[in-house]
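A.B. asks: Sequence:
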Amino acid sequence: MVGFVKARVITLLVMVAFLVPVGAVAQGAHLVAGPMVGSLTAHSARLWFEINHSDRVKVRCFDANTGQLQSAYGFTVVGPPPFVADLNLANLRSDHDYRIKVDLGGVPVRLPSPPLVIHTAPARGSGGAITLAFGSCANTAEYGSPQIWKSIAATQPLAFLFVGNAFYLPRHLKEFPYTYVHAERFLIKHYLKARRFAGFQRLLRIAAVYATWDDHDFGTPHSNRTFVFSQQSLQAFETYWPNPGYGIAHAPGTFCHFRLGDVAVFLLDDRTFRDPTKAPHPRTMLGWRQLAWLKRRLLRSRATFKLIVDGDPVLSDYPGHESWGNFHHERAAFFDWLFGHDVTGVVFLSGHRRFGELSVRPANTQGLDQYPLYDLTSSSLAARPVRRAKASVWMNPRRAGLPIFEHNFGLIRVGGPLGNRHIILELKNSRGATLLSQTILARQLTGG
1 MVGFVKARVI
11 TLLVMVAFLV
21 PVGAVAQGAH
31 LVAGPMVGSL
41 TAHSARLWFE
51 INHSDRVKVR
61 CFDANTGQLQ
71 SAYGFTVVGP
81 PPFVADLNLA
91 NLRSDHDYRI
101 KVDLGGVPVR
111 LPSPPLVIHT
121 APARGSGGAI
131 TLAFGSCANT
141 AEYGSPQIWK
151 SIAATQPLAF
161 LFVGNAFYLP
171 RHLKEFPYTY
181 VHAERFLIKH
191 YLKARRFAGF
201 QRLLRIAAVY
211 ATWDDHDFGT
221 PHSNRTFVFS
231 QQSLQAFETY
241 WPNPGYGIAH
251 APGTFCHFRL
261 GDVAVFLLDD
271 RTFRDPTKAP
281 HPRTMLGWRQ
291 LAWLKRRLLR
301 SRATFKLIVD
311 GDPVLSDYPG
321 HESWGNFHHE
331 RAAFFDWLFG
341 HDVTGVVFLS
351 GHRRFGELSV
361 RPANTQGLDQ
371 YPLYDLTSSS
381 LAARPVRRAK
391 ASVWMNPRRA
401 GLPIFEHNFG
411 LIRVGGPLGN
421 RHIILELKNS
431 RGATLLSQTI
441 LARQLTGG
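Residue 128 in the working numbering is what sits at position 128 of the sequence shown, and the numbering runs on without skipping anything.
Each hint should be verified, as a subset may be incorrect.
SDA-like, lysine to any residue: derived pairs with alpha carbons at most 25 Å apart [to be verified]:
no., residue 1, residue 2
1, 150, 438
2, 58, 28
3, 193, 430
4, 150, 181
5, 101, 73
6, 278, 393
7, 193, 181
8, 150, 64
9, 58, 31
10, 278, 221
11, 189, 145
12, 58, 41
13, 193, 295
14, 278, 296
15, 295, 150
16, 101, 124
17, 295, 124
Derived CB-CB ranges, DEER-like [what the hints assert, rightly or not]:
no., residue 1, residue 2, range
18, 438, 406, 12 to 20 Å
19, 193, 320, 27 to 35 Å
20, 434, 145, 16 to 24 Å
21, 401, 443, 16 to 24 Å
Derived from the structure by calculation, the hints contain no laboratory data. Backbone N, C-alpha and C define an ideal beta-carbon position, used for all residues, glycine too.
Full structure from sequences and hints, please.
C.D. replies: Here's what the structure looks like:
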């Protein structure tokens with residue numbers, strides 16, 4: 001599905017052709033997961049939550065400062081399960097706080113603590129500080145400590161980006177059900193368990209949350225376009241991640257684009273179109289349709305900084321391990337295109353590796369109008385980190401600074417006056433201590 005309007009939500013103005021048997025709506029509906037905010041703009045916010053069965057829902061949105069009612073929405077959540085409410089709160093003020101109240105079946109619902117705060121994005125061209133956090137590899141079934149999630153929430157990010165492996169599916173295909181229908185239910189069960197993880201709840205209440213996937217939350221380890229349940233996996237992803245979009249026509253996936261102030265973010269899908277690693281060259285990780293979409297979006301963007309986000313490392317090359325370097329023809333062609341079309345302000349964010357690092361591709365020494373490329377890799381949030389004793393295996397000639405062999409998350413801070421903006425790339429440990437920091441001026445990413 002490319003659009004974001006879910007068939008499970010029927011507004012008062014739109015009728016969806018579902019047949020609900022008499023007596024199918026039970027009494028006593030309650031929240032199962034959420035609420036949370038996904039896609040965010042200066043004037044809207046996409047609200048998501050799940051309830052236990054079909055029921056009438058009313059959502060009211062209030063100005064957090066004055067308490068004045070901003071808007072109200074009435075609709076019915078219907079089956080089949082999961083019973084998800086997914087709606088767009090519109091006509092909001094930029095850079096402003098809002099709260100919500102929810103009624104189910106005419107009865108007010110006590111929302112979980114802490115209360116959800118919706119903070120809209122700053123208007124384009126307004127300047128001001130913008131903070132984004134990101135991370136990958138959250139195997140909370142094995143690493144359930146809430147500490148790193150508390151530290152992320154303490155940074156008060158406008159948005160948090162899951163850069164793949166937001167949870168871990170079984171390692172072997174034989175552990176999945178045999179049919180497509182049962183596989184989708186199986187995937188939804190894993191999504192719901194991850195969404196309800198207690199340590200994650202505070203972050204859900206204070207920041208807009210976006211996601212793309214990597215191998216472990218797409219399918220089995222190292223999965224690619226041949227994964228038998230890829231369609232069911234995408235259906236579950238669309239249900240549980242209220243992103244601004246899910247690919248394009250004729251190329252559904254998890255890739256999408258959004259803008260927060262003067263920062264544009266391009267989330268990539270490195271699994272749906274990925275050729276097997278042993279396929280002959282020229283093989284692809286992103287697929288030509290996704291690459292064409294990315295190029296069109298980059299050419300149209302007037303954002304100061306353009307964050308290209310992928311589940312796999314972009315600049316580092318580790319033979320035998322997953323990265324865009326395994327598809328070096330595709331990567332090299334993209335870099336040639338990037339500089340050939342004078343696209344400025346590009347920074348890469350990535351995950352997967354189970355340790356953190358900053359990789360830098362220096363500017364071309366032949367005097368061409370190129371600028372250095374940076375790839376900040378954050379991994380893992382809550383999965384077993386690579387042991388420090390294995391450091392010699394992970395030699396990266398493009399690495400700036402030291403690798404981070406402990407749980408970590410990435411923090412992106414954009415600031416400075418208009419016309420003289422800067423971006424700070426940081427890696428922080430689970431206690432919130434800064435382990436790596438790189439400041440880049442906007443003019444250093446122009447190739448001039």
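A.B. asks: Confirm or reject each hint.
C.D. replies: Okay, the hints, checked on the actual structure:
Only pairs whose Cα atoms come within 25 Å are accepted, and residue 150 paired with residue 438 is accepted, the gap being roughly 23 Å. Of the pairs offered as hints, the one joining residue 58 and residue 28 holds, with about 15 Å between alpha carbons and a cut-off of 25 Å not exceeded. With a C-alpha separation of about 22 Å, the suggested pairing of residue 193 with residue 430 holds against the 25 Å cut-off. Between the alpha carbons of residue 150 and residue 181 the distance comes to roughly 37 Å, so the proposed pair goes past 25 Å and is violated.
Our distance criterion of 25 Å between C-alpha atoms is met by residue 101 and residue 73, whose separation comes to about 11 Å. Between residue 278 and residue 393 the CA atoms are separated by roughly 22 Å; this keeps the pair inside 25 Å, and the hint holds. Restraint check for residue 193 and residue 181: the C-alpha separation of about 19 Å stays at or below 25 Å, so the hint holds. With a C-alpha separation of about 23 Å, the suggested pair residue 150 and residue 64 falls inside the 25 Å cut-off, and the hint holds.
For the proposed pair residue 58 and residue 31, the alpha carbon gap of about 13 Å is at most 25 Å, so the pair holds. Between residue 278 and residue 221 the CA atoms are separated by roughly 15 Å; this keeps the pair inside 25 Å, and the hint holds. In summary, the hint linking residue 189 to residue 145 is supported, as the alpha carbons are separated by about 21 Å, within the 25 Å threshold. For the given pair, residue 58 sits about 22 Å from residue 41 by alpha-carbon distance, which is consistent with the 25 Å threshold.
With a C-alpha separation of about 36 Å, the suggested pair residue 193 and residue 295 falls outside the 25 Å cut-off, and the hint is violated. As the CA atoms of residue 278 and residue 296 are separated by approximately 30 Å, the hinted pair breaks the 25 Å bound. With a C-alpha separation of about 37 Å, the suggested pair residue 295 and residue 150 falls outside the 25 Å cut-off, and the hint is violated. For the hint linking residue 101 to residue 124, the alpha-carbon distance of about 29 Å lies beyond 25 Å, and the restraint is violated.
About 21 Å separates the Cα atoms of residue 295 and residue 124, which keeps this hinted pair within 25 Å; it holds. Between residue 438 and residue 406, the C-beta spacing of about 19 Å keeps the proposed range 12 to 20 Å intact. A hinted range of 27 to 35 Å for the beta carbons of residue 193 and residue 320 is consistent with their spacing of about 32 Å. Look at residue 434 against residue 145: about 20 Å separates their beta carbons, and that is inside 16 to 24 Å.
Range check, residue 401 to residue 443: about 23 Å between beta-carbon atoms, so the 16 to 24 Å window is met.
Hints 4, 13, 14, 15 and 16 from the list above are not met by this structure, while the remaining hints are.
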